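Visitor: Chains as they are written, first to last, in this note's numbering: chain A, 1 to 245; chain B, 1 to 245; chain C, 1 to 245.
No lab work stands behind these hints: they were computed from the structure. Note that the structure is predicted; figures quoted are calculated from it, not measured. Please note: incorrect hints may appear among the correct ones.
Said to hold, decoys possible - Cut-off 27 angstroms, straight-line C-alpha distance, at most; resulting in silico cross-link-like pairs (DSSO-like, lysine-lysine): (1) Lys100(B) - Lys147(C); (2) Lys203(C) - Lys84(C); (3) Lys130(C) - Lys100(B); (4) Lys107(B) - Lys158(C); (5) Lys147(B) - Lys79(A); (6) Lys100(C) - Lys166(A); (7) Lys203(B) - Lys130(B); (8) Lys107(A) - Lys158(B); (9) Lys100(B) - Lys53(B); (10) Lys107(C) - Lys158(A); (11) Lys158(C) - Lys98(B); (12) Lys199(B) - Lys100(A); (13) Lys118(C) - Lys107(C); (14) Lys118(B) - Lys53(B); (15) Lys84(A) - Lys203(A); (16) Lys84(A) - Lys199(A).
What the hints assert, rightly or not - Short derived list, chain A residues pointing at chain C, Cβ under 7 angstroms: (17) Ala143; (18) Ala144; (19) Lys147; (20) Val169; (21) Asp170; (22) Ser171; (23) Ile172; (24) Val173; (25) Phe174; (26) His175; (27) Met176.
What the hints assert, rightly or not - Over the 12 angstroms line for every Cβ pair with chain C, so calculated as not near, a few chain A residues: (28) Met1; (29) Gly8; (30) Asp50; (31) Ser55; (32) Asn60; (33) Glu88; (34) Glu92; (35) Pro113; (36) Glu119; (37) Glu126; (38) Pro128; (39) Asn185; (40) Gly186.
C-beta: ideal position from N, C-alpha, C; glycine also.
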Amino acid sequence: MIDVIMTGELLKTVTRAIVALVSEARIHFLEKGLHSRAVDPANVAMVIVDIPKDSFEVYNIDEEKTIGVDMDRIFDISKSISTKDLVELIVEDESTLKVKFGSVEYKVALIDPSAIRKEPRIPELELPAKIVMDAGEFKKAIAAADKISDQVIFRSDKEGFRIEAKGDVDSIVFHMTETELIEFNGGEARSMFSVDYLKEFCKVAGSGDLLTIHLGTNYPVRLVFELVGGRAKVEYILAPRIESE
Amino acid sequence: MIDVIMTGELLKTVTRAIVALVSEARIHFLEKGLHSRAVDPANVAMVIVDIPKDSFEVYNIDEEKTIGVDMDRIFDISKSISTKDLVELIVEDESTLKVKFGSVEYKVALIDPSAIRKEPRIPELELPAKIVMDAGEFKKAIAAADKISDQVIFRSDKEGFRIEAKGDVDSIVFHMTETELIEFNGGEARSMFSVDYLKEFCKVAGSGDLLTIHLGTNYPVRLVFELVGGRAKVEYILAPRIESE
Amino acid sequence: MIDVIMTGELLKTVTRAIVALVSEARIHFLEKGLHSRAVDPANVAMVIVDIPKDSFEVYNIDEEKTIGVDMDRIFDISKSISTKDLVELIVEDESTLKVKFGSVEYKVALIDPSAIRKEPRIPELELPAKIVMDAGEFKKAIAAADKISDQVIFRSDKEGFRIEAKGDVDSIVFHMTETELIEFNGGEARSMFSVDYLKEFCKVAGSGDLLTIHLGTNYPVRLVFELVGGRAKVEYILAPRIESE
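The following block holds chain A by itself, in its conformation from the complex:
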């Protein structure tokens, strides 16, 4: 038996974060809170969502439980929910998830979790560079890069953090120095990534949200977003592209 209450904003954020990569997901209701993770069908990116128990208005579970959810349907219905609405999620038996908001009760059949693609192990990555910045600034940089190219280079060194994109006749560099960043360890790293994935990740975030980037060289990047005033943590791990230079 699961019975939790959260804000519409929180539900919309979690749902948006996951549908960026997959349409079905396993959601774990653990003692410490909600957890979910999944890799996209192309095996290029992973999403890891954590909502601590305290971020919910009410968090009642009689035991730790895993459900399989059609995220596309929840995402669709979440568009009818206002950010300030309170939303109640109820699972009374194995077969149905109830989503209650305002005068509406939405019921959707659960999916057998074992029928959903096996969950990824979270890789242990040693990433030398750590950059903490405003997610809104990052989003703007990716939007600008997207006008130039479908891939970007993230580069970190003593002089700061750079996002670079190169077109046939033009190029763009986003550059923040240590003093402009919220936190920066000056680590040396450089990898290339797909803009399409990054754009998709940015959709959950806005100005005021905190983004921590862990970067290596020709290595996956970890993008950790702290969302909804810190009440939700959404992490994306994205595989690098091979530079053909």
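Dock chains B and C against chain A, hints included.
Guide: Positioned in the frame of chain A, the structure of chains B and C alone reads:
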């Protein structure tokens, strides 16, 4: 000779209400105010519009008069009018309608009313259930139902008023009890309707508008919207769908 | 060497004004400020842009200089710039334009100005009627006319200034008298123009911007927009259409 002045908001509302069902309509300028009604080409729905004389800023007619109007054209031009603009409608001869707003005078040829599809008789319906609610809430319920199915069931009984939609793997119930409704007689009734029509009807209304629903069992429903602060009454009568269960 | 700083709003306005007609343009950095002009490929319209030196935050040029710019690319990237951002344009050598805003540096290859279509001579036009009005009103009139026809007649006489459009069953007249206009010389003139061009021109302007119209009879019209609080002057010259009556 007709010479009336109304707000842009009122004109836009009337026009929106009618184009939901037909592209040409007869408009009656009566002693008591403007009246129009029409059925859609599929004979599934009827719209009845009434704007009392007092809702106009100026209402001058030398005798009761009926004109035939290309509503699509008026709807199109009404998009150039702001809600707060004052709009003057003038008919000096049988052939032309003038719409004046700001520095603009728009003229459109009238249609011979006898060339427009015969107006429906308003049916006498005995509908046991009466529900009064905020039109904005209704609109949200229909928008949510639309994500699940193309038909909804309206159901009324002692426990309140319900709007239900059923998809293959999910379902939604909007439920308001007597205390949540503005007025409710607890009458027993249940009918199924097309979501597409209901969505179209809702476009005239918003939060704060009053909606009265008269419901029967496998019978047409009457949806009476009080719009523009009560200055316009728009009623839709919608035929039920047959449940194939 | 060019090094100038302007607001995002100003850059966006200049760029929007030029891409209305051409995708590549010569930009002159003169002692007195920025100047550019171009005719569209169909030879129907000309744009003339002038930004006085004082409209820039910083205006440093070591000598007068002409660059060839891919305006479509600048327009594209300008969508990533906020109106309130400060934007720095830098040309250090013949080959590259740098556009710096926030933490972003955008570089685009310059085009050899001699490879861009020869600039037009600005025609000397004797236009009897002069009309000064709010650009927002003009924009609304063109938007309304656009719903009726693809051409409009501009007409000026003692009774004021008119914009007229005629459809098959409807027509629209926008009419402002001398007292409603900001300035008006009552000159007699009448010409017909393409709505598509006028709509395109209006995109740079909004309510509060000043528009001066110089009109003749079956003659090109001059539309002079004062934009961004008077800091930019954008003039369009549009050839008339021949009336086939």
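Visitor: Hint numbers the structure violates, sorted upward?
Guide: none
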